[in-house]
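Going down the list, the sequences are from chains A and B. Counting from 1, position 370 in the first sequence corresponds to residue 370 in the numbering used here; the numbering is continuous, with no gaps. Counting from 1, position 263 in the second sequence corresponds to residue 263 in the numbering used here; the numbering is continuous, with no gaps.
A few of these clues could be false.
With a straight-line cut-off of 30 Å between C-alpha atoms, the simulated DSSO-like cross-links for lysine-lysine are [to be verified]:
| no. | chain 1 | residue 1 | chain 2 | residue 2 |
| --- | --- | --- | --- | --- |
| 1 | B | LYS158 | A | LYS361 |
| 2 | A | LYS342 | B | LYS18 |
| 3 | B | LYS18 | A | LYS18 |
| 4 | A | LYS158 | A | LYS175 |
| 5 | B | LYS175 | A | LYS18 |
| 6 | A | LYS158 | A | LYS116 |
| 7 | B | LYS158 | A | LYS18 |
| 8 | A | LYS18 | A | LYS158 |
Hints are computed from structural coordinates only; laboratory data are not their basis. Every value quoted in this text rests on a predicted model; they were computed, and no experiment measured them.
Protein chains: 2
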Amino acid sequence: MADAEIIAVGSELLTPSKVDTNSLFLTHELNALGVEVVRKSIVGDDRARLTGAIRDAMRDTRIVILTGGLGPTEDDVTRDAVSAATGRALVFSQEICDVIAERFRRFNRPMAEINKRQAYLIEGAEALPNPRGTAPGQWVVSDGCSILLLPGPPGELKPMFTNECAPRLRERLPKLVIRTRWLRVAGMGESDLDALIAPVYTRYTNPVTTILAAVGDVHVHLRARSDREDEAESLLDEVESQIAELLGDRIYSRGGASLEQVIGDLLMDRGATLSVAESCTGGLVAMRVTSIPGSSRYFRGGFLTYTDEMKTSLLGIPPGLIAEHTAVSEPVAVAMADAAAKLTNSTYAISVTGYAGPGGKAPGLVYLGIAGGGKADVRRLQFSADRERVRALAAQMALDLLRRKLLAP
Amino acid sequence: MADAEIIAVGSELLTPSKVDTNSLFLTHELNALGVEVVRKSIVGDDRARLTGAIRDAMRDTRIVILTGGLGPTEDDVTRDAVSAATGRALVFSQEICDVIAERFRRFNRPMAEINKRQAYLIEGAEALPNPRGTAPGQWVVSDGCSILLLPGPPGELKPMFTNECAPRLRERLPKLVIRTRWLRVAGMGESDLDALIAPVYTRYTNPVTTILAAVGDVHVHLRARSDREDEAESLLDEVESQIAELLGDRIYSRGGASLEQVIGDLLMDRGATLSVAESCTGGLVAMRVTSIPGSSRYFRGGFLTYTDEMKTSLLGIPPGLIAEHTAVSEPVAVAMADAAAKLTNSTYAISVTGYAGPGGKAPGLVYLGIAGGGKADVRRLQFSADRERVRALAAQMALDLLRRKLLAP
Numbered sequence: 001m002a003d004a005e006i007i008a009v010g011s012e013l014l015t016p017s018k019v020d021t022n023s024l025f026l027t028h029e030l031n032a033l034g035v036e037v038v039r040k041s042i043v044g045d046d047r048a049r050l051t052g053a054i055r056d057a058m059r060d061t062r063i064v065i066l067t068g069g070l071g072p073t074e075d076d077v078t079r080d081a082v083s084a085a086t087g088r089a090l091v092f093s094q095e096i097c098d099v100i101a102e103r104f105r106r107f108n109r110p111m112a113e114i115n116k117r118q119a120y121l122i123e124g125a126e127a128l129p130n131p132r133g134t135a136p137g138q139w140v141v142s143d144g145c146s147i148l149l150l151p152g153p154p155g156e157l158k159p160m161f162t163n164e165c166a167p168r169l170r171e172r173l174p175k176l177v178i179r180t181r182w183l184r185v186a187g188m189g190e191s192d193l194d195a196l197i198a199p200v201y202t203r204y205t206n207p208v209t210t211i212l213a214a215v216g217d218v219h220v221h222l223r224a225r226s227d228r229e230d231e232a233e234s235l236l237d238e239v240e241s242q243i244a245e246l247l248g249d250r251i252y253s254r255g256g257a258s259l260e261q262v263i264g265d266l267l268m269d270r271g272a273t274l275s276v277a278e279s280c281t282g283g284l285v286a287m288r289v290t291s292i293p294g295s296s297r298y299f300r301g302g303f304l305t306y307t308d309e310m311k312t313s314l315l316g317i318p319p320g321l322i323a324e325h326t327a328v329s330e331p332v333a334v335a336m337a338d339a340a341a342k343l344t345n346s347t348y349a350i351s352v353t354g355y356a357g358p359g360g361k362a363p364g365l366v367y368l369g370i371a372g373g374g375k376a377d378v379r380r381l382q383f384s385a386d387r388e389r390v391r392a393l394a395a396q397m398a399l400d401l402l403r404r405k406l407l408a409p
Numbered sequence: 001m002a003d004a005e006i007i008a009v010g011s012e013l014l015t016p017s018k019v020d021t022n023s024l025f026l027t028h029e030l031n032a033l034g035v036e037v038v039r040k041s042i043v044g045d046d047r048a049r050l051t052g053a054i055r056d057a058m059r060d061t062r063i064v065i066l067t068g069g070l071g072p073t074e075d076d077v078t079r080d081a082v083s084a085a086t087g088r089a090l091v092f093s094q095e096i097c098d099v100i101a102e103r104f105r106r107f108n109r110p111m112a113e114i115n116k117r118q119a120y121l122i123e124g125a126e127a128l129p130n131p132r133g134t135a136p137g138q139w140v141v142s143d144g145c146s147i148l149l150l151p152g153p154p155g156e157l158k159p160m161f162t163n164e165c166a167p168r169l170r171e172r173l174p175k176l177v178i179r180t181r182w183l184r185v186a187g188m189g190e191s192d193l194d195a196l197i198a199p200v201y202t203r204y205t206n207p208v209t210t211i212l213a214a215v216g217d218v219h220v221h222l223r224a225r226s227d228r229e230d231e232a233e234s235l236l237d238e239v240e241s242q243i244a245e246l247l248g249d250r251i252y253s254r255g256g257a258s259l260e261q262v263i264g265d266l267l268m269d270r271g272a273t274l275s276v277a278e279s280c281t282g283g284l285v286a287m288r289v290t291s292i293p294g295s296s297r298y299f300r301g302g303f304l305t306y307t308d309e310m311k312t313s314l315l316g317i318p319p320g321l322i323a324e325h326t327a328v329s330e331p332v333a334v335a336m337a338d339a340a341a342k343l344t345n346s347t348y349a350i351s352v353t354g355y356a357g358p359g360g361k362a363p364g365l366v367y368l369g370i371a372g373g374g375k376a377d378v379r380r381l382q383f384s385a386d387r388e389r390v391r392a393l394a395a396q397m398a399l400d401l402l403r404r405k406l407l408a409p
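Between the sequences and the hints, there should be enough to build the whole structure, so can you do that?
And the structure:
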């Protein structure tokens with residue numbers, strides 16, 4: 001598999017508010033060609049540093065793509081840096097200069113003297129036409145390494161890559177197909193999950209398995225390479241099936257769908273409806289459920305009962321029940337879920353009651369209830385995490401508990 | 001001015017859909033310390049390539065910050081790569097191992113054998129405590145270069161940088177006083193705001209003014225440098241006072257407090273309480289209000305009425321009112337807010353009713369109501385944005401409307 005490094009050039013990309021998005025487009029296109037991006041760099045408008053970065057990249061990869069720094073001003077240093085890194089001279093091209101001059105004429109603007117800087121080609125480079133801008137791209141092969149100089153504006157870079165670079169790369173590269181799969185898992189820590197499935201995936205170098213963790217949510221990503229589509233798919237099948245067997249019903253989606261999307265689909269399939277009664281999560285469960293377009297077809301509504309008094313006045317929880325067990329207890333979680341289902345006339349209802357912390361009686365203690373389909377389910381959880389994480393974990397586990405109830409025979 | 005390079009480690013950051021955001025935070029913090037970021041790199045979970053990238057960075061800069069790759073699994077290669085690049089051994093630390101084991105005990109979870117990998121320190125490194133996660137950070141000085149190993153999850157990285165790294169860097173760097181101010185503004189677009197205040201801030205190079213925009217929220221950041229504290233403060237006073245005059249009551253906080261924090265403080269000051277009745281935002285307003293620790297002192301609860309039927313059965317909105325005006329209308333927004341305040345016996349109530357889209361009758365049309373202190377306020381808004389942004393903008397504007405009501409004489 002061929003490797004590439006992308007170097008984005010521009011001091012503005014080193015400020016706290018700018019991200020380089022060209023490399024996302026390029027990565028997508030390169031992967032489709034069977035090229036893996038092994039490093040991305042961002043370097044300012046600094047001739048010496050950029051020269052060093054290009055040399056580093058030429059040492060490690062066979063394809064180096066530079067974006068930006070092809071403008072006409074002093075701080076556009078990409079041409080100079082490639083010249084220095086490869087030891088090749090910059091050669092003035094009258095042909096390119098004429099194309100640039102023609103472009104200015106078309107726009108009825110005078111061509112400034114500095115624009116001639118854009119007519120210099122690295123010795124031996126091929127110019128890549130840029131119908132959308134002034135600076136042509138360049139393609140130069142040095143020491144067996146293909147170096148691509150592309151303009152920074154996405155509107156110029158994208159068509160140039162698609163029309164000029166991709167066909168050239170396709171010709172030079174061995175045919176390679178890349179296929180991916182996602183398994184998403186709720187309610188398991190990253191290291192527990194890894195301990196469980198590592199014995200499988202470490203036996204394979206193709207597909208490559210990556211584990212990504214968010215709060216209460218772990219994603220297993222499989223990526224297979226082959227020169228044939230069916231082989232890539234069957235490599236994935238082989239590993240995915242073994243991992244799936246180990247993880248069982250902890251996998252909530254295989255195509256990449258979010259937990260709230262999966263729940264929405266399950267509710268729709270069953271013609272069922274949902275409501276909530278949230279205390280410590282303060283609306284987070286409902287917010288996630290309603291983030292899905294079309295959720296009004298199954299989500300009816302709910303109650304935010306942040307105080308004991310509200311649990312009584314909105315949901316009718318008997319004050320005696322709260323006095324006997326406290327508001328954060330199994331009986332109150334069950335009563336909240338049952339009341340929400342009944343008051344909204346929903347098939348299912350989720351309740352959450354807990355102490356998000358910090359401080360208080362038992363920070364991190366949460367009870368979840370799921371009403372519907374007979375007796376309510378209830379679960380006690382104890383998290384050791386800050387307020388934000390306790391709330392996020394409680395909402396995640398509540399949604400997963402509902403998923404399991406919906407899937408139960 | 002000192003130079004730094006940031007290396008983000010993780011194969012997932014080399015996929016077409018992921019951007020490295022940690023480096024934006026770090027750049028911001030480093031700039032505030034007078035450190036310039038001269039290169040950012042992203043390298044996959046590849047020991048050899050990462051070792052090469054660290055060596056490149058050590059050649060060019062005096063501060064190298066690595067983020068990610070400190071997890072317990074085989075593909076977490078940062079410790080190994082720094083060890084290889086510096087020629088220093090990895091040394092097992094029983095002390096760190098005990099801290100990790102204690103953390104697992106607190107969560108009532110068994111510590112997996114692989115977690116011991118996280119207890120290895122580069123020879124001569126200082127461990128940086130990580131109260132939010134398992135892996136400690138590390139600080140090692142090699143060949144005059146300070147190398148920082150920080151965890152990848154932003155929730156762990158940010159406090160570690162702020163509490164452990166920034167003070168150490170400040171000690172080592174030439175004394176330079178940097179003072180900052182934040183003005184946070186709701187309900188104004190970034191470009192409108194810039195057009196308004198640019199005539200002021202472009203006249204000054206010190207302080208430097210930066211405008212950062214989130215959804216419905218714009219932050220104006222002023223940063224002054226001097227070798228004297230009082231001079232830095234008076235430079236800030238001069239520019240801040242002019243900007244503040246132009247923005248007036250659109251500024252909701254000056255110290256950096258979030259809108260929900262400001263509202264919480266205002267409600268507490270007035271001994272007032274709050275409830276909500278949310279339709280299209282599905283709990284987002286309440287979720288933000290209750291994200292503040294101690295919000296149970298002023299937030300009572302509320303209603304999620306996602307369907308017309310729920311607006312009637314939970315809030316008692318007359319079906320005739322909905323039939324006459326539709327659920328997304330001024331009279332219904334007012335009735336929802338009034339009903340929420342009354343049913344929860346709160347001083348104030350926020351209502352939101354709208355079409356989040358996509359599709360439907362009038363995607364992006366939202367009515368907000370604020371009950372309390374006499375006649376309800378109501379506002380009609382029309383957003384042109386996707387579902388997620390419409391919901392976020394509606395919640396933001398609802399909170400700002402409440403803030404204005406709380407401040408009204």
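Compare the distance between the alpha carbons of LYS342(A) and LYS18(B) with 30 Å, and conclude whether the hinted pair is satisfied. The given pair, whose Cα atoms are some 43 Å apart, is violated under the 30 Å limit.
Need the status of pair LYS158(B), LYS18(A): alpha-carbon distance at most 30 Å? holds (18 Å)
Hint check: LYS158(A) vs LYS175(A), CA-CA at most 30 Å. Holds or violated? Judged against 30 Å, a Cα distance of about 22 Å means the pair holds.
If you draw a straight line from the CA of LYS18(A) to the CA of LYS158(A), is it 30 Å or shorter? holds (19 Å)
LYS175(B) paired with LYS18(A) [C-alpha distance capped at 30 Å]: Given that 30 Å is the threshold and the Cα spacing comes to 28 Å, the pair holds.
Mind checking the alpha carbons of LYS18(B) and LYS18(A) for me, to see if they're no more than 30 Å apart? Since the Cα atoms of LYS18(B) and LYS18(A) sit roughly 14 Å apart, the hinted pair holds (cutoff 30 Å).
Does the structure keep LYS158(B) and LYS361(A) at a Cα separation of 30 Å or less? The given pair, whose Cα atoms are some 28 Å apart, holds under the 30 Å limit.
Between the alpha carbons of LYS158(A) and LYS116(A), is the straight-line distance 30 Å or under? Measuring from Cα to Cα gives roughly 24 Å; hence the hint holds.
Violated hints amount to a single one, hint 2; each of the other numbered hints is respected by the structure.
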